[in-house]
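Undergrad: Here are the chains, one letter per residue:
Protein chains: 2
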Amino acid sequence: MKEKPGIPKGTRDFDPLEISRREHIFDTIREVYRLHGFRPIETPAMENLSTLMGKYGEEGDRLIFRILNSGDFTAKVDDKDWKDKNAARLSAQLSEKALRYDLTVPFARYVVQHQNDITFPFKRYQIQPVWRADRPQKGRYREFFQCDADVIGSDSLVNEAEFLQIIDKVFSQLNLDVVILINNREILAGLAEYIGFADHMTDITTAIDKMDKIGLEGVGQDLIDRGLTNDAVEKLKPVLELSGTNKQKIEVLSQILASSPVGMKGIEEIQEVLDIVDVTPLQCSLELDLCLARGLNYYTGAIIEVKALEVPMGSICGGGRYDDLTRVFGLKGVSGVGISFGADRIYDVMQALSRFPDGIGTYTHLLAINFGPKERDYCLPALENLRSVGVQCEMYPEPAKVKKQMQYADKNKIPFVLMAGEEEINKGVFSFRDMQSGEQQQLMLEQISTFLLKFLD
Amino acid sequence: MKEKPGIPKGTRDFDPLEISRREHIFDTIREVYRLHGFRPIETPAMENLSTLMGKYGEEGDRLIFRILNSGDFTAKVDDKDWKDKNAARLSAQLSEKALRYDLTVPFARYVVQHQNDITFPFKRYQIQPVWRADRPQKGRYREFFQCDADVIGSDSLVNEAEFLQIIDKVFSQLNLDVVILINNREILAGLAEYIGFADHMTDITTAIDKMDKIGLEGVGQDLIDRGLTNDAVEKLKPVLELSGTNKQKIEVLSQILASSPVGMKGIEEIQEVLDIVDVTPLQCSLELDLCLARGLNYYTGAIIEVKALEVPMGSICGGGRYDDLTRVFGLKGVSGVGISFGADRIYDVMQALSRFPDGIGTYTHLLAINFGPKERDYCLPALENLRSVGVQCEMYPEPAKVKKQMQYADKNKIPFVLMAGEEEINKGVFSFRDMQSGEQQQLMLEQISTFLLKFLD
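Chains as they are written, first to last, in the working numbering: chain W, 1 to 457; chain Z, 458 to 914.
Just so you know, these hints were derived from the structure itself, not from any lab. It is possible that some hints are incorrect.
Claimed, not checked - Rough simulated footprint, nothing fancy, chain W against chain Z, three-plus residues with beta-carbon under 8 Å:
#1 461 to 470
#2 522 to 535
#3 583 to 597
#4 606 to 613
#5 702 to 708
#6 836 to 844
To be verified - To give a feel for the contact side, a few chain Z residues facing chain W, derived at Cβ under 8 Å:
#7 473
#8 491
#9 493
#10 552
#11 715
#12 718
Since we're looking at a predicted model, the values are computed, not measured. Even for Gly, the Cβ is constructed at its ideal location relative to N, Cα and C.
Generate the whole structure from the sequences, applying the supplied hints.
TA: In structure tokens form, the structure reads like this:
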């Protein structure tokens with residue numbers, strides 16, 4: 001029986017055009033990371049299950065793809081769990097390994113495992129796929145790429161400012177208009193103090209995080225449901241609605257949070273980051289957004305999020321400062337700050353705006369038409385010569401009908417075609433055709449080479 | 458409890474130096490593939506289990522990493538199999554997906570699934586990791602990269618010749634001495650006829666494939682154990698021992714196989730491939746090796762293998778022509794030919810020979826010493842200026858002791874350091890230090906920029 005070929009739900013094949021577009025995004029991010037002194041690492045697709053479990057909350061644990069143990073995986077299973085068909089208890093016995101769920105936890109594991117070989121501060125980037133057993137839907141995949149950079153082992157706010165520069169550079173090079181939103185968890189902690197609910201920090205950040213979806217009134221109701229008083233919520237609302245320039249917002253906040261040391265520290269930090277950034281001003285706008293909370297609980301200082309301005313599409317980049325990410329693996333007191341670009345969402349934004357540069361998706365620059373062995377052997381050395389200067393070229397493998405060979409060039413977006421018959425061979429030239437204009441002329445190899453080098457430049 | 462961090466057996470972390478070396482190999486292979494008109498595709502890490510099962514033999518099936526189904530994976534399991542703890546029967550019920558085992562089967566699946574969007578002949582390359590639950594040992598990993606290229610939908614021997622050119626170019630650019638061994642399955646079929654055991658083709662190729670390990674006598678004994686007669690084996694031995702130039706071997710073979718149509722076809726094919734290759738001669742040696750059989754049963758024509766000449770290390774690249782790879786997925790009569798570079802083994806060879814180019818592993822070109830806010834803000838615009846022309850540079854985030862900052866430059870192999878104190882700021886210059894020579898001079902930013910661009914070129 002023939003199998004009907006397909007791939008698992010939520011996964012994707014990428015064809016040459018898609019790859020070239022994705023590479024454009026990855027290359028841009030990678031290049032900017034390197035310009036700022038970040039170094040790459042890679043970690044295995046599989047981690048020990050124990051490395052991943054308990055790091056992403058209950059929901060996350062459920063969404064981790066587990067690898068079934070090899071060999072007789074039933075041998076060491078607990079008899080009672082087996083009898084009860086207790087999937088929850090069995091899964092840890094049937095699998096020791098799992099696919100990585102993000103790049104942050106493997107990075108924390110890497111830092112602890114290799115701490116003696118690492119020079120701190122450690123600036124690393126990592127561009128690799130991750131896997132989540134999430135319900136697939138538009139824009140959400142079970143295999144997708146993350147593009148992370150982190151500085152670990154440095155408290156300096158120079159790092160925060162550098163990440164803003166990196167974000168600005170990446171999106172400017174991708175030709176996308178964005179706004180960078182920043183906030184600081186310490187300011188949020190100060191606000192929690194200010195409204196008398198310092199012990200409700202998680203509730204407050206979780207609620208504020210939903211501002212985009214449920215609006216200010218919704219957030220207010222959610223906070224009341226979480227045990228805040230009406231008075232506290234009414235006190236918080238105008239702060240969340242603060243408008244104006246960053247300077248104006250900071251002035252108001254400085255009055256509100258004057259009696260909160262943690263809040264004032266957050267303000268000072270934001271101010272210092274803004275001051276450092278101002279030394280080499282950004283191209284995009286940078287906005288202090290008091291409604292920015294970011295759900296992840298491990299953030300402790302600056303938080304950052306980037307939104308595309310031309311297309312509605314959640315966050316396309318985010319990050320922040322965290323303390324003690326490595327503590328769970330036994331290394332304490334190491335502060336870090338990092339960002340992550342969402343390559344798949346950036347792809348969708350660029351696609352929607354037709355923002356991919358011309359020429360992307362062109363692989364072969366020149367196709368040599370195959371008229372038969374004699375003509376082929378006349379062309380082959382010419383192709384080798386062109387390759388030696390970087391021209392991507394190919395000989396059509398069979399002496400098929402010229403129309404078929406021309407169609408091959410067309411379908412594969414090959415811009416130029418080389419032909420040589422009796423006449424060209426006798427003259428020592430080649431017919432060189434521009435597929436777009438249809439223009440064709442007889443040229444010496446050196447002329448073709450010069451022309452193509454100019455074309456590629 | 459702190460967890461002791463580690464990674465699964467047979468997997469690896471890669472640090473920045475290793476990444477730069479691996480990238481050197483991948484980039485070289487990728488660039489040569491592109492120079493010859495190959496286009497990239499990528500497939501998901503996970504395939505449906507049914508796509509992979511039965512394609513790699515019994516041994517292969519056992520070595521496929523399976524993904525445990527998400528949710529209540531016990532719900533749909535057969536009661537009797539569960540009671541019996543029958544791992545073999547249960548594994549297919551507990552998992553629907555598996556990690557890809559090679560790039561060939563996913564490629565065949567891809568071609569069939571997307572056949573209406575593909576222009577044939579389809580020249581694709583694919584550089585991605587694969588996973589095998591093999592017993593880890595020196596040079597054998599459970600996660601490793603394959604670098605494949607195939608032409609599918611073309612019978613022309615121009616393709617075989619092109620792959621030899623590609624192999625030659627890759628190893629020449631990697632500065633490795635290699636020999637390419639070629640043979641043809643039809644010649645082996647002719648030899649099977651010649652010794653009267655045409656129906657024992659698989660036995661014969663399987664035995665010959667072990668020549669490296671067990672020698673000629675061992676192969677002879679193995680063939681007798683597989684049912685060949687003593688006479689047949691004695692008739693075969695001198696052919697396997699044939700020496701001399703390719704031309705001489707072909708002459709002898711032409712006499713021996715004169716009455717075997719399939720054998721003569723194999724000889725003609727080899728001859729044609731050699732003739733096409735001779736049009737643009739190779740740098741490495743190319744040897745007709747009658748002992749080359751290659752274990753994989755799907756090969757039907759040319760077979761290719763590459764050995765490093767300076768280090769003992771099995772095959773570092775291999776390939777051949779196959780027919781009907783896509784038949785199992787419902788697409789018949791599509792011939793293909795392909796090769797695969799073993800990046801991990803090539804890495805080991807290059808490492809053993811210290812053949813990685815100088816400068817590999819250098820990421821940051823220049824570190825700016827941080828003396829404090831004022832000096833930092835004087836340097837930051839200079840760094841941005843250098844980045845705009847492609848210099849990778851970073852500011853040390855804290856105003857730490859200069860010795861510590863210098864050590865950071867040393868440990869990270871940063872070749873140049875930038876410093877500016879009161880004096881430099883007043884003069885509008887920078888102190889620029891060559892870390893290797895220790896030379897230091899005061900320069901204008903433009904001078905530094907010019908110098909670094911020359912250095913990077």
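Undergrad: Determine for every hint whether it applies to the structure shown.
TA: Okay, the hints, checked on the actual structure:
| no. | hint | verdict |
| --- | --- | --- |
| 1 | 461 to 470 | holds (count 8) |
| 2 | 522 to 535 | holds (count 11) |
| 3 | 583 to 597 | holds (count 3) |
| 4 | 606 to 613 | holds (count 4) |
| 5 | 702 to 708 | violated (count 0) |
| 6 | 836 to 844 | holds (count 4) |
| 7 | 473 | holds, 4 Å |
| 8 | 491 | holds, 5 Å |
| 9 | 493 | holds, 6 Å |
| 10 | 552 | holds, 5 Å |
| 11 | 715 | violated, 25 Å |
| 12 | 718 | violated, 23 Å |
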